[in-house]
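Student: Below are the chains, spelled out letter by letter.
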Amino acid sequence: MSKKNALAALLLTIMSASAAAKSTLNLYTSQLNDDAQMTVNAFEKAHPDIDVKWIRDGTTKLTARLQAELAAGAATPDVLLLADSVTMESLKNQNLLTPYKSPQTARFDSALYDKDGYYSGTKLITTGIAYHSKAPVKPESWNDLLKPEVKNMTTLPSPLYSGAAQIHQAALMNDPQLGWAYYEKLKENGAMPQSGNGAVMTAIASGSKAYGVLVDYMAIREKAKGAPIEFVFPKEGVSVVTEPVAIMSNSKNPEAAKAFVDFVLSPAGQQLVLEQGFLPADASLPVPQGFPPRDSIKLMPLDAAKALADTEANKKRFSDLFGDR
Amino acid sequence: MTSMTMHQNASNHSMKGLLWLLLCLVALLSLLPSLRLLFSALVDWRQGADSSLWRVLNNRATWVALYHSVYTSGLGTLISLLLGSLFAFCLALTNIRMKQIWVFLFMLPMMIPPQVTALSWLQLFGSNSILLNSIGLAPEFGRVNPLYSPEGIALLLGIQHAPLVFLALRTQLQCLPKEHIEAARLNGASLWQVFSHIVLPLCRTALWGGATIAFVSALGNFGIPAMLGIPISYYVLPIYIYQALSSFGPSMINEVAALSVLMGILAIAIVTLQARMQRRYALPLIGMAGRSLGFTLGKWRLGIEVMMGLVLFAILVAPLLALIATSLVPTMGVPLNSDTITFAAWRGVFDVQSSTWRALTNSMVLSVSAAMVLLILSLPLAWLLVRYSSRPLRWLHSMIDIPYTLPGVVLAIACILLFSRPLPILEISLSGTLTIIFIAYLARFLTVCLKPVHSSMMQLDPAMEEAASLAGANFSQRLIDIVLPLLAPAAFAGALLVFLTAVNELTVSALLWSAGKETLGVVIFSLDESGNKVLASAISVFVVALVAMVMLLLSALSKYLPKGVIPWQS
Amino acid sequence: MAELKLEQLSKAFGDQTVVRDINLTIPQGAFTALLGPSGCGKTTTLRILAGLEQLSGGRLLLGDKLLADKMTHTPPELRDMGMVFQSYALWPHMTVAENIGYPLKLRKVKGAARQKQVMDALDLVELGAYADRSPQELSGGQRQRVALARCLVSEPKVVLLDEPLANLDRHLRATMEQTFRDFHRRTGATFVYVTHDQAEAMALASHIAVMHKGELMQWGAPRDLYLRPQNAWVASFIGKGSILSLAIAADIQHLDNQILHGSFSHQTPYAMQPVLVRPEHVQVADTGLSARVESCIYQGERYLVDLRLHDGQQLTAFHHSALQQQQDICVRLHQGWRLEAA
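Residue numbers (our numbering), protein chains in the order written: chain A, 1301 to 1625; chain B, 17 to 586; chain C, 77 to 418.
Hints are not guaranteed to be accurate.
Computed cross-link-like contacts, DSS-like style, restricted to lysine-lysine with a CA-CA straight-line distance of at most 25 angstroms [claimed, not checked]: (1) B/LYS115 to B/LYS315; (2) A/LYS1353 to B/LYS533; (3) A/LYS1434 to A/LYS1451; (4) A/LYS1535 to A/LYS1438; (5) A/LYS1345 to B/LYS533; (6) A/LYS1353 to A/LYS1552; (7) A/LYS1598 to A/LYS1523; (8) C/LYS146 to C/LYS233; (9) C/LYS186 to C/LYS233; (10) A/LYS1438 to A/LYS1525; (11) B/LYS533 to A/LYS1322; (12) B/LYS533 to A/LYS1552; (13) A/LYS1487 to A/LYS1616; (14) A/LYS1606 to A/LYS1415; (15) B/LYS32 to C/LYS181; (16) A/LYS1598 to A/LYS1447; (17) A/LYS1401 to A/LYS1552; (18) C/LYS146 to B/LYS32; (19) C/LYS289 to C/LYS146; (20) A/LYS1487 to A/LYS1447; (21) C/LYS184 to B/LYS32.
The hints are simulated quantities; they were obtained by calculation from the structure and are not laboratory data. Every value quoted in this text rests on a predicted model; they were computed, and no experiment measured them.
All chains, full assembly: derive it from the sequences and hints.
Tutor: Laid out in structure tokens, this is it:
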């Protein structure tokens, strides 16, 4: 009797061991720490056979790490969830991505994903104007930042350090009403660049600047906690980064990668985005708390390939304008 | 005449063998990252004018950034020297009261991330300033804060690194033979004359050592120039390199490597200069530590104490208060009062499940083990460097500084390039483990531990070892019974410095960490970047408190430790 | 007999020869001094004896045991020698007792036996009460005594002393000189004492090696060096005296009053030779050679008088009472020693 039990136990162990044999998915993401954890947890719950190992960092550092690992010939991640489409374009051009047309993208606006399926946007992070609640003028449009009453009071994230700021610059330069001249006038009005959106947020909240060019969720989220900050989606429109997801071409686990892409684009994944406080890419979902209705937000168009080609030139322009002292 | 024949008398061959092994290890640690970067920088040299190195060198912006770096670091070093030596001299040579507390407090600002000090000063002088608002002097929106300037950067760099100079000097001052000073005073010299004619020249070695490490730290500092320099487009080399990182394309690594080579050359130049200065000024002070000196300050004493208190207030208390205040509000910008006060952030810190706790453990393990290993490594290394003193060894000595001067992000890239693939022969991959961060720390902080030990070794009277030799001690007995105990205080001071620097370290681990292996610096920085200043502040305060507790613990154990180990206890 | 033999010992640092062809045999148990001005190579020679420097040429033997030559080098820890340093070299991280006990600890003498030997050594230098003090708390003289005790506790065959009294004041020096003599007598070890102070060397040593610019000038007992110096340099280095150029026969060395005074008359057919005349052999008298007083310095027990003879040569003399400057007097020369021509 005991021999049979022992055999059964052994078989059970082997079976459960093989059942528990999880496959690993390596994820590089530029989401915020808690958001990344939330996403990973939800995914692992939906797919208990996949174990996700993830690294979260700013886009710049993440791509630097990626490039270094590639140069060293080391293993790279399976799936990327990075800030913007321009970065993805660059990786696509280096043949580092594998196309995958997820069935989930059918529900999305076609502007949000690459037509060949190399990457797909997951949310809409817009850049608008944030201002201190004690600021003298309540801005409603980008041009309001050029008014003499607000001289020396504005700060903006530098495209030399922030991917979102690069996209913002490209989008604004494309807009016939604003263009590069807008930046020149902004500089004349005493605007100061910061290293990133976090720094802009801090500058306004701490009171050293009254106005800032800032991503939507940061201002709205902190306002909900009681920070003295307001946010407005300017009349001319806002630039958008979509935080696309993409599969790397030398992924060791393409099946799990595809499952991940499907997950973040699924209704469940998009609901998660909503809960995290971002505008979901799926237009059928409501907007998060503190956001105006979706149709009142005007999105500025962006040609990702053109933006990529112009990146260095744009950065140089910005750097020259805001002065090499 | 040197006692260079000592090494020829070594009868213990296995000890000698160990020493050479040690030298190889050190050479590997310091040279490998630099060489790998050099390789990357030069790998496309065949492209001639299109190669990364040429592009970098040809770009005016590179040289402008270099000039900016040297200017702010130089000015900052002067400030560090001033501040650090002021405190060191006041505390070592005079009869100021409560010495131990002053020393303890002066070392704490190193624990506060430089961006925090910068931010709290910006706030102090900004329109939201509680202080200025209450006296009605708060500037309105639109006034440019004077801290946004090269001089502002230099000032904050100076303050950040003053404790380094302080520590270097203090170790030396405690070995000042009292007879020298007594002789001068008997000749009628005033306090000021004694200071400038006797004490200052005798401390030149330590001053040069401290100045070098302050300069090199300032060169590699990222946080302060990022916060104060980017808004005015005043770029220094680390910022410029960071910018280069955000370029697209595979040649980016090569360009970054080329820029790092430039920084590496700068580091070697500084260190060579320092070595030359130290050789010129090193005096084999008789190996007797003098009794502690006590110039009476008379009526000046209260004035000096007040001044020191003000300085400490500015560099320690104000930022710390700002940090604490920020950690207790729901979000930044909300004024702190009885309605708004919340401990949510603090609950987050102590949540054992959180990444904070994990990061804390990781950072502690990394810092403590790095400190211990480097302590053991630098003792025999310092002996070798001083007693052997040949040209190849001097070259090695200057190379040891490079991993520290290079911006952390560059060292991280070098480590990734070196260690991402599984190691040959051993076939283990270090990528994504704590080990790769540990190795990076060893390479980076070796010079931090070595400097005080090396200074100390240069002051060691060779007669100490000769006397032991004639008493019958062989090579290893001399090292263990005589040299090591005499170097121990400097070694422990160095190890403590490594611990303090490593625990808050950010830029290296930023690229090397992976899930579950994050460090405190990484966690604080990513929280900062994403706008969650409240939790970031709470963790920073927690770290400062933790380190303060560690230092207090050391104080309590002081009677079991060799004399002079704990810098703030005489 | 374990005598210390130096054969053709030389030492060069780079292309600078610091010690050149020293030939010396130091008898066992002798108190020898290496005497000379700074830079003469005496410390280097001592360090070669100790094994702290490697010799460039020649041999060093203790008895019939070869300590060093060009091929071999016995390290200091195996030479069974002791050394007292000018800077005392006491280890600051050890107490006085631990300093003294260290050589015993190395020889695996443990516990009560070690304790006893240390206390005995301390009592000998009269520092028994200071056993648990740290060296920083001691005065210079006390530190020197501890260094001596540490040196002797291992009962070495040879004791080397490198200008041990240079940092002490005059009264302390006198006491320490006595201490050294006592220890030498008690232990019977060979003492090799380096100094630039010839009075000290003559007071302590039974044999003195006078060195100059790396070479051995003369080796002998103090009295020999004083009365019969080999050349002009040694003559002027040891003791006070004047070297006169006199026309005398080249075959006699010891000159008496007659010959000395005779050489001043212009009758002699001899060539000029250097002659040493010590001040105690010059007497101010009513008759004799005429001389003029140039200076007269009070020294406590007598006056030191500088004279100029009628032919312009300088002469030093002693006198019991003061003499006026520019006073004309007569002197008698009682004894002189002809020096080898340089």
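Student: For a quick check of understanding: which of the numbered hints are violated here, in increasing order?
Tutor: Violated hints: none; all satisfied.
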